[in-house]
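K.L.:
What follows is the residue order along each chain.
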Amino acid sequence: MNNIAFNIALPLLAAFLLPVIHNGSAKASRLVGPFVLLAMCWFAAAYFIFIEHPVALALGGFLPPLGISFHLDQLSLLMAVIIPLMLLLLWPYTNREGFREEALLLLLAGASSGMALSGDLFNIYVFYELLSVASFGLAASTHNGAAFAATFRYLVISGLGTVLALTGIGLIYTQTGTLNLAHIGQLAAQLDNNVGLAAFALIVLGIGVKAEIFPVNGWVPEVYATAKPRISALLAGLISKLAVLAIVRLLVVAYADTDALSLLLVLGILGIIWGELSAWRAKDLKRMFAFSSIGQLGMVLVAFSIPGEAGMFAGLAMMLHHLLVKPALFMLTENWSGSISSLTGAARQSPLGAALFILFALSLIGVPPFPGFWAKLIMVTGLVGADDSLYLLALGILLTATVIEANYLIRCAIQLYAPADENSSQSAKHGRLTLSISSALGVVLIISLFSITPLGNKLYQIAAEASNRSLYINTTLSNAQVPALRKIQ
Amino acid sequence: MSAMELHWLLYAAAFGLIVIGIIGVVTLSNIFRIVLALVIAEAGANLLLVIAGYRFDAIAPILSGSSVATGVMVDPVPQAMVLTSIVIGVGIQALALALVIKVYQHYKTLDLREIHQRLMNDIDQESGVRPLLSPHKPAGKRPLPEPQTVTGYHDIARGGNE
Amino acid sequence: MRNYSALLFASGLAFLLMVIAWQFTIGGAPMLIGNAILQQAADELGAANLVTSVVLGYRGIDTLGEIAILFTAATATSLVLSSISGQRSRPAPNTAQSGTILISSSRLLFPLLLTLGLYIVLHGHLTPGGGFQGGVILAAAFFLPLLAVPGHGVNHSGLALVEGFSGAAFILIGIIALFQGNAFLQPFMGHGAMGSLFSAGTLPLLYIAVGLKVGAELSGLLANLAEIGPAHPVAEISVETQSVKGSAHQ
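Residue numbers (the working numbering), protein chains in the order written: chain C, 11 to 499; chain P, 365 to 526; chain S, 2 to 251.
Among these hints, one or two may not hold up.
What the hints assert, rightly or not - Calculated Cβ distances over 12 angstroms to all of chain P for the following chain C residues: (1) A68; (2) H153; (3) A157; (4) L174; (5) T236.
To be verified - Which bits of chain S does chain C cover? Going by a derived footprint, with three or more residues having C-beta under 8 angstroms, they are: (6) 8 to 16; (7) 34 to 48; (8) 51 to 62; (9) 65 to 77; (10) 156 to 166; (11) 177 to 191.
Said to hold, decoys possible - To give a feel for the contact side, a few chain P residues facing chain C, derived at Cβ under 10 angstroms: (12) W372; (13) A378; (14) I395; (15) A460; (16) A462; (17) M484.
Derived from the structure by calculation, the hints contain no laboratory data. Beta carbons are placed, not taken as given, at the ideal position from N, Cα and C, and that holds for glycine.
I would like the entire structure built from these sequences, with the hints used as guidance.
P.N.:
Right under this line is the structure:
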């Protein structure tokens, strides 16, 4: 019995029952989460390995576009595998306090899987909201005044985003009369006007709150500075990518040939400039990484705005690289929360931590032969190939941003290995769990370093499939009878 | 009232509520009022969804008896969507109120600007980078930035209470 | 700084709205899937209320997400409001009375609200209303006594039980459909006579689960918010606000 719907049903079921199980036996309740995540991994991996061509799964047995459909292609299934793996890695194994955080994490797993798989605009919105509410709870779980205030601002910005996204969805519905992404793609001609573009802009601004897109990312430094490193790692690494993917799906299916690409490009460029400059000015590691992830997501957005397969390839490469590197860096801030100047000589107390920092920093900057270099190379190739003055401007900004990135990351690295003086903090040692999480990610990074060619080929195949608009539309609608367009009398 | 006028009125109301709500969220400083402004904006978005499925002179999509004659009915899909989004709104509002209570307990004020400033100070203090109080040398041998944190705090607190 | 960014943001939005207003065609959406659902829903699901067919049938997974959001909000709220994570702060016994009218009317209204709520939940597939609307009325029924007698405790473990099992029931009905060889959340058990109470297959069962879940969730949320005692003595708060005001007007 294998069905990808279990990836939504199981975590939600477990989360609903977790309070009851916890009342019965606290020990058993701690086993539930990891077990469910393992099962999710298994279901998604089985699909990912054996799938030959994209499949549309009609939920509730109602054929799309009437019912909601899941779109299973290699990209969505890859995300569905990564989500439980990431959560397993960042699971609060040492948490002995309560079950609520675990329930929220399970809900987060279900919501993110739904967001990755769903092929229906409103359904994506529902899962996005579920993911938002769960992330509010997780961000506030630090339980101090600063965390509550930061979460409140996060919630208000997200709430605004909700309103904008809902307005955008409403506008798309008034223009096309449908919600299924493939069906919207079929009717894309009706969205090729100012109203359609405005709807896309509203959805980008709305869902972009989680994707840390430029004007709606005011919450990022505050939340990442106050939340637990595990939660920051999850939000910056995984959740932001899912929001980006939702936007990219809509872009590929319905807005591939319009000005929407320029919109993403401009927002991405602004994000790079703002993020990297703020990161350069930041004086503590947590906020430096927070701002740098804004900059990195700007780069991802710029990459996705390159038209055609090249854009999808570059975007996916940058996205997956950031997904791997940023959680590890955030985990390293666990005991390095002070200002950067207080980290002098921290390498002596935590040699492995410092070595991992160097590894991830080099990859983030894009030093050859690390995977980050290949990701940026793909992106540069795409930008050059796009052959447009705006893309060349983006190329210039990307290279400048890389220099700035190198500047502040190497500054930190030098500080870590500097001889200790009286300013160095006493407890710069990392916990064993933190180190093993970061090391696991480091091992993945090194393995991908040695298998860069097959990985690149596979990624190109995934990108080609994901950027194929007619394939997406045909997969979902091939078996369904599309009702004829009928205007009201 | 003709169909056209009614549609205009409804769309104007929906966009009006959204705009009023967003202006409220962006300009107000009392966090409780911000939550209320968010509720207004959400109501506008919900209204927009409902009228996306509205037809003039149509009936509710409920069959009476065993007849299958649909007649002229309004679109049931936006109604289902609105039901969902209202419930989502309720959940977010409850969480927002809980956070308002907690924020008030910690900072003893409802002024967002002041809360934000003190939040920034808290974060700075926790990470030990508050420029005036920190004896540390700046990283990377750059000159210290202007100590704007403290002056900014008073400016904003004054501006917020005027 | 915040004002400038806020202004910039607002003016950007205003521009977007003007763009929309410029080209917007008034007259409602083309009812593509709407018309198709109006024509097929009665045959496919057998529910007289077509909105219910959409909510639980065509867009059933949305509804699952929706009750999950309520559950998440309730969990997050109790996580935020508990002073130490995992432990709920017990409020000091509040002996304040709220007056005869509220107390006696809450006793009078309780059975009426309960009946009305259950009626609306059970007839969700026939008449306007359903699990969400009925669930809210059920929550109101359980919240009224809390308003009348503020110290009146709420059985949180009982609520957690109802919450957990009603939510699980919704998913399990979906999974049973899966094991019968259908799709997840596909309605089964036959249609019955259109318009009768026992019709529309599993839709009424799903709505009962939704109603119980929403009722339990909302009463838990409201009780959590109502149970917050003042964490600091009131006098201290007023002094603090005064001092803040004083420093601001210097």
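K.L.:
For each hint, tell me whether it holds in the structure or not.
P.N.:
Hint by hint, here is what the structure shows:
1. A68: holds, 16 angstroms
2. H153: Non-interface label fails for C:H153: nearest chain P Cβ at 9 angstroms, not farther than 12 angstroms.
3. A157: Violated: least Cβ distance 9 angstroms, not greater than 12 angstroms.
4. L174: Per Cβ check, C:L174 is inside 12 angstroms of chain P; nearest 8 angstroms; violated.
5. T236: violated, 7 angstroms
6. 8 to 16: Held - the segment 8 to 16 of chain S has 4 residues with a Cβ nearer than 8 angstroms to chain C, which meets the minimum of three.
7. 34 to 48: holds (count 7)
8. 51 to 62: Our answer is that it holds, as 5 residues pass the Cβ test (under 8 angstroms) against chain C, meeting three.
9. 65 to 77: Holds, because 10 residues of the segment 65 to 77 of chain S bring their Cβ atoms closer than 8 angstroms to Cβ atoms of chain C.
10. 156 to 166: holds (count 6)
11. 177 to 191: That given contact holds, which follows from 9 residues of the segment 177 to 191 of chain S lying within Cβ reach (below 8 angstroms) of chain C.
12. W372: Cβ of P:W372 sits 14 angstroms from chain C, so the hint is violated.
13. A378: holds, 8 angstroms
14. I395: holds, 7 angstroms
15. A460: holds, 5 angstroms
16. A462: It holds, given that the least Cβ distance between P:A462 and chain C is near 9 angstroms, below 10 angstroms.
17. M484: holds, 8 angstroms
In summary, the structure is inconsistent with hints 2, 3, 4, 5, 12 from the numbered list given earlier, while agreeing with the others.
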